[in-house]
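J.: Modelling step: build the complete structure from the supplied sequences, incorporating the hints.
In the order they appear, the protein sequences are chains A and B.
Heads up, the final residue of the first sequence is numbered 211 in my numbering, and it's a clean run with no missing numbers.
Heads up, the final residue of the second sequence is numbered 211 in my numbering, and it's a clean run with no missing numbers.
No lab work stands behind these hints, which were simulated from the structure alone.
Incorrect hints may appear among the rest.
Note: identical chains are not told apart, hence a pair may lie in one copy or across any two.
Only pairs whose alpha carbons sit at most 20 Å apart, straight line, appear in this in silico DMTMM-like list of lysine to aspartate or glutamate [what the hints assert, rightly or not]:
1. K79 to E181
2. K146 to E199
3. K146 to D208
4. K79 to D177
5. K143 to E95
6. K188 to D147
7. K80 to E181
8. K80 to E95
9. K132 to E95
10. K174 to D195
11. K79 to E173
12. K188 to E109
13. K80 to E117
14. K132 to E117
15. K174 to E109
16. K188 to E199
17. K132 to E104
18. K146 to E181
19. K135 to D195
Number of protein chains: 2
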Amino acid sequence: MLLTGLKLFRACFCKILVCPIANVNFPYLRCMLSKKTKYGLKALTFLASQEGRVPVQISEIAKHENISQKFLESILLTLRKTGILGSKKGKGGGYYLIKDPKDIPMTTVMRVLEGPIAMVPCVSLNFYEKCGDCPDEASCSVHKLMLQVRDSTLEVFRNNTLADLVP
Amino acid sequence: MLLTGLKLFRACFCKILVCPIANVNFPYLRCMLSKKTKYGLKALTFLASQEGRVPVQISEIAKHENISQKFLESILLTLRKTGILGSKKGKGGGYYLIKDPKDIPMTTVMRVLEGPIAMVPCVSLNFYEKCGDCPDEASCSVHKLMLQVRDSTLEVFRNNTLADLVP
DNA sequence: TGCTTACTCTATTAAATCGATAGGATAATA
DNA sequence: TATTATCCTATCGATTTAATAGAGTAAGCA
Chain A
45 MLLTGLKLFR
55 ACFCKILVCP
65 IANVNFPYLR
75 CMLSKKTKYG
85 LKALTFLASQ
95 EGRVPVQISE
105 IAKHENISQK
115 FLESILLTLR
125 KTGILGSKKG
135 KGGGYYLIKD
145 PKDIPMTTVM
155 RVLEGPIAMV
165 PCVSLNFYEK
175 CGDCPDEASC
185 SVHKLMLQVR
195 DSTLEVFRNN
205 TLADLVP
Chain B
45 MLLTGLKLFR
55 ACFCKILVCP
65 IANVNFPYLR
75 CMLSKKTKYG
85 LKALTFLASQ
95 EGRVPVQISE
105 IAKHENISQK
115 FLESILLTLR
125 KTGILGSKKG
135 KGGGYYLIKD
145 PKDIPMTTVM
155 RVLEGPIAMV
165 PCVSLNFYEK
175 CGDCPDEASC
185 SVHKLMLQVR
195 DSTLEVFRNN
205 TLADLVP
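T.: In structure tokens form, the structure reads like this:
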């Protein structure tokens with residue numbers, strides 16, 4: 045069969061990842077951390093590294109961290125609405141941290157930007173939801189495994205505050 | 045503004061998750077474990093719980109675990125190609141474990157089904173890739189945090205084999 | 001008062017993935 | 001040779017992500 049159009053293009057230029065464990069192809073790079081969270085973390089770290097609490101303009105953060113300014117706008121807006129950032133309009137305006145970086149745990153930031161920390165809803169502390177296909181959680185192998193993953197990930201986020209991320 | 049069509053429907057019937065930390069809305073349940081992996085794990089556990097190494101039909105596994113049979117077919121095929129399962133065609137055929145469940149670490153299963161264990165490519169052991177926007181990994185806050193998450197998650201997967209998941 | 005600056009908000013878009021389904025090809029058994 | 005069950009390719013609709021556009025609003029300054 046001949047490849048045409050988009051398929052031909054992808055076959056030629058798109059990345060195919062091959063799992064070194066067992067030669068399985070992944071047509072893309074599965075990324076579990078969204079760019080929203082990634083950019084949000086970078087912006088927060090940048091703000092935490094500033095001297096004092098002077099407002100910093102979106103454009104300055106975007107330029108410094110190589111982020112699309114418009115996309116960053118919406119992220120910072122979320123962080124302000126959730127009480128992590130403060131903002132000031134007009135000339136000399138911008139975003140600034142409200143609290144001390146030491147008092148901003150990663151659990152909060154991750155839940156605000158990324159949502160649930162757990163890999164499946166049925167082991168989530170804040171976003172719990174029962175699985176439709178699973179009759180009994182106690183005997184579910186996935187549940188058992190993901191519970192351990194959640195706990196270990198949670199421990200990392202609990203042990204890190206924004207202050208720990210500043211170089 | 046009046047909501048119409050799909051938007052009206054979604055506004056009325058679709059689930060909106062509200063982050064209890066800070067009243068952020070998530071229009072869906074962000075799920076970091078794909079159904080492919082979830083179903084694969086359940087199927088493997090079911091096979092591991094069988095007496096002996098008798099081939100089990102796809103239809104039997106699908107029925108027992110409430111999984112779409114056609115979807116499960118492709119998952120089991122992947123597991124066979126990667127040397128985790130064996131198969132037998134024709135009457136009395138099906139899928140069976142090749143190795144002892146104790147010798148199947150979760151790291152292998154996860155990488156085969158889900159892909160990278162790390163949340164970002166720049167901290168992945170087997171699927172490493174440099175970030176386009178980040179000039180220096182050593183000073184990147186996201187890198188620093190995600191490295192810790194990767195290590196803790198990896199430890200869980202290394203400490204669990206398929207045998208540990210069987211109830 | 002009026003101008004500039006910079007945040008606020010809604011809407012829209014293209015590209016991509018996920019989960020699922022359909023249908024036939026192939027191989028093994030009776 | 002008929003039946004059984006895996007193997008394989010192709011396709012679909014729904015949903016999400018990341019990014020962009022453009023107008024609205026409030027604060028500061030002359």
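J.: If a hint holds in the structure, say so; if it doesn't, say that too.
T.: Outcome of the hint check:
In this homomeric assembly, K79 and E181 come within 20 Å of each other (Cα to Cα) only across copies, at 16 Å, whereas the closest approach inside a single copy is 32 Å. Taking the shortest alpha-carbon separations for K146 and E199, only the intra-copy value of 16 Å comes in at or below 20 Å, while the best inter-copy value is 27 Å. In the homo-oligomer, the alpha carbons of K146 and D208 lie at most 20 Å apart inside one protomer (8 Å), although the nearest pairing across protomers, at 39 Å, exceeds that limit. In this assembly of identical chains, K79 and D177 lie within 20 Å of each other by CA distance solely across copies; the values are 11 Å between and 31 Å within a copy.
Only within a single protomer do K143 and E95 lie at most 20 Å apart by alpha-carbon distance; the minimum there is 14 Å, versus 59 Å between protomers. Taking the shortest alpha-carbon separations for K188 and D147, only the inter-copy value of 19 Å comes in at or below 20 Å, while the best intra-copy value is 32 Å. Within a single copy, K80 and E181 get their C-alpha atoms only as close as 32 Å, which misses the 20 Å cut-off; across copies the closest is 19 Å, which meets it. Neither within a single protomer nor between protomers do K80 and E95 lie at most 20 Å apart by alpha-carbon distance, with minima of 25 Å and 48 Å respectively.
With identical chains, the CA atoms of K132 and E95 are at most 20 Å apart within one copy only, with a shortest distance of 17 Å there and 67 Å across copies. In this homomeric assembly, K174 and D195 come within 20 Å of each other (Cα to Cα) only inside a single copy, at 18 Å, whereas the closest approach across copies is 28 Å. Taking the closest pair of Cα atoms, K79 and E173 come within 20 Å of each other only across two copies (15 Å); inside a single copy the shortest separation is 25 Å, beyond that limit. Proximity of K188 to E109 under the C-alpha cut-off of 20 Å is restricted to the inter-copy arrangement: shortest distance 16 Å between copies versus 39 Å within a copy.
For the identical chains of this complex, K80 and E117 are intra-copy neighbours only, at 11 Å inside a copy versus 35 Å across copies, given an alpha-carbon limit of 20 Å. Taking the shortest alpha-carbon separations for K132 and E117, only the intra-copy value of 13 Å comes in at or below 20 Å, while the best inter-copy value is 56 Å. Taking identical chains as interchangeable, the C-alpha atoms of K174 and E109 lie at most 20 Å apart only when they sit on different chains, with a minimum of 15 Å there against 39 Å within one chain. Within a single copy, K188 and E199 get their C-alpha atoms as close as 17 Å, and across copies as close as 15 Å, so both meet the 20 Å cut-off.
In this homomeric assembly, K132 and E104 come within 20 Å of each other (Cα to Cα) only inside a single copy, at 15 Å, whereas the closest approach across copies is 62 Å. Taking the shortest alpha-carbon separations for K146 and E181, neither the intra-copy value of 37 Å nor the inter-copy value of 23 Å comes in at or below 20 Å. For the homomeric pair K135 and D195, neither the shortest alpha-carbon distance inside one copy (45 Å) nor that between copies (45 Å) is at most 20 Å.
Hint compliance for this structure: hints 8, 18, 19 are not met, and every other hint is.
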